[in-house]
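**Q** The residues making up each chain are set out below.
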Amino acid sequence: MTIRELPDIAKEIIDSAKAGEEIEVALSRGRSTTVNAYRGEVESLKSGSSQGVGVRIIIDGCEGFASAGSLDPEIVLEVVNEARQNLTFAEKDPHQAIATPDGVEPPGLDLFDRSVLEVSEKEKIAIAIDLERRCLDRDKRITGVRASTWADGWAEFALASTAGIAIHEEGGSCSVGVQPLAEESGETQIGYYGDVARRLENLDLEKVVAEAVDGATSLLGATKPASQRVTVIFEPSVAAAFLGVVAGSLTGDRVAKGRSPFAERMGETIAVADLTLFDDPTDERSLGAENYDGEGLATRRNDLIVSGSLNTFLHNSYTARRLGVISTGSAVRGVRSRPGVGMHAMQILPGDRTREELIRNVRNGIFVRGVNGLHSGVNPVSGDFSVGAYGHRIVDGSLGEPFREATIASTVQRMLLDIVEVGGDFEFLPGGTGMSSLVIAEIALSGS
Amino acid sequence: MSEDLAPGPLLDPSLVETTLRVALSKGGEWAELFAEDRQSASSSFDEGRVDSMSSSRDRGVGIRVTVGEITGFAHTSDLSLQGLKEAAEVAASAATSSSRTTAVALNGDGLASTRVKTLPNLVSKESKVALLRRANEAARSAGSAISQVTVGYSEGRRRILVANTAGIFRADDQVRTLFSVNCVATGDQGLQTGRETVGYTVGYELFEENDVEALAERAANRAITKLRARPAPSGELPVVIKNGGGGVLFHEACGHGLEADLVKKGASVFKDRIGQQVASSLVTLIDDGTMGVEWGALRIDDEGAFTQSNTLIENGVLTDYMWDHLRSKDAGRVPSGNGRRQSYQHLPMVRMTNTFVTNGETEPADIIADTTRGVYVAQLGGGQVNTATGDFVFGMTEAYLIENGEITEPLREGNLIGNGPEVLKNIDVIANDFAMGSPGTCGKDGQGVPVGDGQPTLRVSALTVGGTAA
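Heads up: the sequence lines are chains Y and C, in that order. Numbering-wise, the first sequence is residues 1 to 448 according to my numbering. Numbering-wise, the second sequence is residues 1 to 470 according to my numbering.
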């Protein structure tokens, strides 16, 4: 099969637009490799190529969408025809339109490091096997490793529209992940940690091993705590999960459709003055950094909550038109789906004190290492927040015994106002979120 | 590549044989070709109008080669002879040995016919839009508090072909249709939501047996009822779960832990426990991929094994795990029809199909009457489990307080948390009103597959309720 350049395929589709049609085409092509090691050997080596096309056609506010996982000319044609047919059933929404260029310059980040493509298969296998070995060697209570994985991928992406958008980007990344099992006195605990980077040298393998092993061993002997109201410290990954729920409620689609508890609160105080939360895809340090958003507009920094006050919602071009503002460059999409709205690279403004100092300040509380059930116990519309939690007790300013099988609950709205302090232990998490620990008072801990 | 409705297999048998031979050319002991052609369409009705209609198409092939414990895998969407050979070579180079077996004899016709009455893609889009509109009207008429209604329709047809060098050459044609209604109600205390979903492994006949208006009313009423909900209690309480509302409890509490791949790696709290009492003697747990039209029903799994009914726990005693090709070969037994994958781009692993607890003997009303103080859960949302410890959580999307043997106040949402082995032992009564629950998508290691679950009304004598009230 002859390989055609993505922009050429896109142009052909755009050029086929009929009178009155707005067309937006997204195309992708990529390949990926995954190596799993088990007991010192390769367990599986997986590689594959993938392709994608997504076409959005709008006539007079009526939108149709179709997509496929192939760039075969016959399938691409089928997709265009399906999108055209689908739009005839949509009903007019006057705000529906393809994004138009807004003149904002993209940050010009050089995010693709070609060296990630040059890692040899031998090297990938060696890393996966080595990670497993290092977990086993680090602590004698580690009795096995459920999975030790290397993965890498390369992809190119093109987006073009009848409104004049035309971008073509290329990207690559590599990642590792490991799940050690710790055993003691007939009890088993599993840990997990991983890292993602744009180049091999930036993967912090030492940290991955340390965090994964510590995650498994530190929970050995954990018990169920008594139900009570306590002060909690969320470690950065947990704080990111919580603030991710908040950010989801600050997106234009939820706001426009009346599905956000913050819809009517613009300019008001919704959090303590210590909290400043923003999305900054122009910050190269974040793995979420991007030059363009999902509609091909330049990304930009957006300050969502400034010193506790609600400063802006995030918008793509549709939600912006609906609410009479301009897009914040926050469209997110995969080739196979229509553009939504969301964060690219969330960050918090860090506080001053170290994690040890935060802990030292808590008389009776818990340090939360991880939460689960975010998808089942958090309702972003009502704000009800209840999740399973595990970590350590804090007794008189020191970390104490581990706990598990407990839940913590409040509402998102209350938690923002109950934040006692933002930590100075800022770090970029593997997903690209820049986060610190958060101290929150008055949380209901449910256990025995 | 044969055309959509052409009567032949998804891939020509000679193409399949050639590809498998290439797959074995570097010393592979066993090779498999998995071809998939998936077409789906969906439409949503939001804010009083048809919001969007989408369609999608995916087709491709995944090739797997094994040598001993090593698996090589490659996938491609290029179905030409050249594309398939290239993928087979990539998979082959990842699992090599000095042996040279290349004989391939396919045994089967590689054909499957659909079992549904009406293929959804043959039904007009107008008719689907009319359904959305009717459900929207019904939800909005349920009460003035309903402020937002989103209705969704989706259909999917997945045709698969599995061939391997042991001779399997089988196909399946899986059609699933789903309809959902999401409502938001606005009250003095803020917003609440209600959701109802109906979905089966059927075609458009789904709507002959299911009334979308009744479904919409139930979703709307759930949101309205929750407007007067009070915070859920915090701490350990007896929890009664309504029939069909909580099969996910077993999916999380023990289902995942009974998957042989997790057991083999020591990542399950149920490892080495066959023959032991792991649950209350009232509990019999079955995973059954053959259940006609249920959401997790399959004729063959994604490795070509026929699905079957597998008893996992009988009267509280652990009788078996669930198995796929690799794990059953390792254990020297036959697979149980539980080898599944999200798509041709994924390696299969052990997965559940339809997982359920069988009937007990008690009248459901007697269970509530016998509970002095507790929580009645009418609908559970999703859940999550740590299989190594057995600790799991799942969300209550509709729940009430039980006071002095009666269901009283509605409760706000929250998670329940428990430990699988403990909860199984704490099931102290099971009713005689078995029902399957809502269709679900189970996620494991990044792969989602459709699953069903079900259970009669039952009570767990103590479960931690993650609310905020004392």
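Warning: the hint list may mix true and false statements.
Said to hold, decoys possible - Below are the DSBU-like pairs computed for lysine-lysine, each with C-alpha atoms no more than 30 Å apart in a straight line:
id, chain 1, residue 1, chain 2, residue 2
1, Y, 140, C, 264
2, Y, 207, Y, 224
3, Y, 224, Y, 140
4, C, 125, Y, 18
5, C, 125, Y, 207
Treat the hints as calculated values from the structure; they're not laboratory data.
**Q** With reference to the structure, classify each hint as holding or not holding.
**A** Verification of the supplied hints:
| no. | hint | in the structure |
| --- | --- | --- |
| 1 | Y:140 / C:264 | 20 Å, holds |
| 2 | Y:207 / Y:224 | 29 Å, holds |
| 3 | Y:224 / Y:140 | 25 Å, holds |
| 4 | C:125 / Y:18 | 23 Å, holds |
| 5 | C:125 / Y:207 | 53 Å, violated |
Against the hints set out earlier in the document, a violation occurs for number 5 only.
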